[in-house]
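Heads up, the sequence shown is in the numbering used here, so the first residue is 73 and it goes up one at a time.
A few of these clues could be false.
Stated by the list, open to error - Listed below are the simulated DSSO-like cross-link pairs for lysine-lysine, each with C-alpha atoms no more than 27 Å apart in a straight line:
id, residue 1, residue 2
1, Lys170, Lys157
2, Lys195, Lys151
3, Lys139, Lys97
4, Lys151, Lys191
5, Lys133, Lys191
6, Lys195, Lys144
7, Lys170, Lys144
8, Lys133, Lys157
9, Lys133, Lys151
10, Lys133, Lys144
11, Lys191, Lys97
12, Lys157, Lys134
13, Lys191, Lys142
Read the hints as simulated data drawn from the structure, not as lab findings.
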Amino acid sequence: MVLRAGKTLFLLLLIPNILIAKPQKALKKIIFLDFYNQNADPNYRWLETNISENLHEMAKKKYRYIKISKEKWQQTARKLGFQPKDFINIKKLSLLGKNLGAHGIVFGHFYVNSNNQMKISGKILSVLD
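The whole structure should be built from the sequences, with the hints applied where relevant.
Take a look at the structure:
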């Protein structure tokens with residue numbers, strides 16, 4: 073999914089099956105990763121955390137789940153030897169999710185092209201389901 077800056081992020085439309093917790097079951101555990109800044113431009117560093125935080129804020133209004141803290145997933149990623157590009161690598165993310173007992177991971181990347189247009193791509197990875 074590609075989203076352009078200035079438009080509402082509709083990534084939440086993709087996550088109902090991951091986030092919906094049935095009453096008799098425990099709540100799902102979700103990781104909201106920082107979005108990968110493909111340009112590595114420090115001027116856009118603020119977006120790395122803001123995109124995922126905004127997605128979490130929108131999701132928690134509609135769904136019940138447990139958010140795995142940033143501290144916890146960063147600590148585990150360090151132990152697993154993650155590099156910046158690993159945060160968009162499905163195999164590495166699956167390993168991270170399994171280590172943390174997560175059911176799903178919200179992640180993505182963004183970049184600004186030569187025309188100064190920002191493109192944001194977000195995904196949800198189902199880990200334990």
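Do the hints match the structure? See the list:
Proximity of Lys170 to Lys157 is assessed by CA-CA distance (about 19 Å); at most 27 Å being required, the pair is judged to hold. Proximity of Lys195 to Lys151 is assessed by CA-CA distance (about 24 Å); at most 27 Å being required, the pair is judged to hold. Pair hint Lys139 plus Lys97 holds up; C-alpha atoms about 16 Å apart against a cutoff of 27 Å. Our distance criterion of 27 Å between C-alpha atoms is broken by Lys151 and Lys191, whose separation comes to about 31 Å.
Of the pairs offered as hints, the one joining Lys133 and Lys191 holds, with about 26 Å between alpha carbons and a cut-off of 27 Å not exceeded. For the given pair, Lys195 sits about 21 Å from Lys144 by alpha-carbon distance, which is consistent with the 27 Å threshold. For the proposed pair Lys170 and Lys144, the alpha carbon gap of about 13 Å is at most 27 Å, so the pair holds. Between Lys133 and Lys157, the direct Cα distance comes to roughly 30 Å. Violation of the 27 Å bound is thereby established for this hinted pair.
Restraint check for Lys133 and Lys151: not satisfied, since their Cα atoms lie roughly 32 Å apart, outside the 27 Å limit. For the suggested pair Lys133 and Lys144, the alpha carbons sit about 23 Å apart, so the restraint of at most 27 Å is met. Proposed proximity of Lys191 and Lys97 is contradicted: the alpha carbons are some 37 Å apart, above 27 Å. At roughly 31 Å between alpha-carbon atoms, Lys157 and Lys134 are farther apart than 27 Å, so this suggested pair is violated.
With a C-alpha separation of about 24 Å, the suggested pairing of Lys191 with Lys142 holds against the 27 Å cut-off.
The structure fails to meet hints 4, 8, 9, 11 and 12 from the earlier list, while all remaining hints are met.
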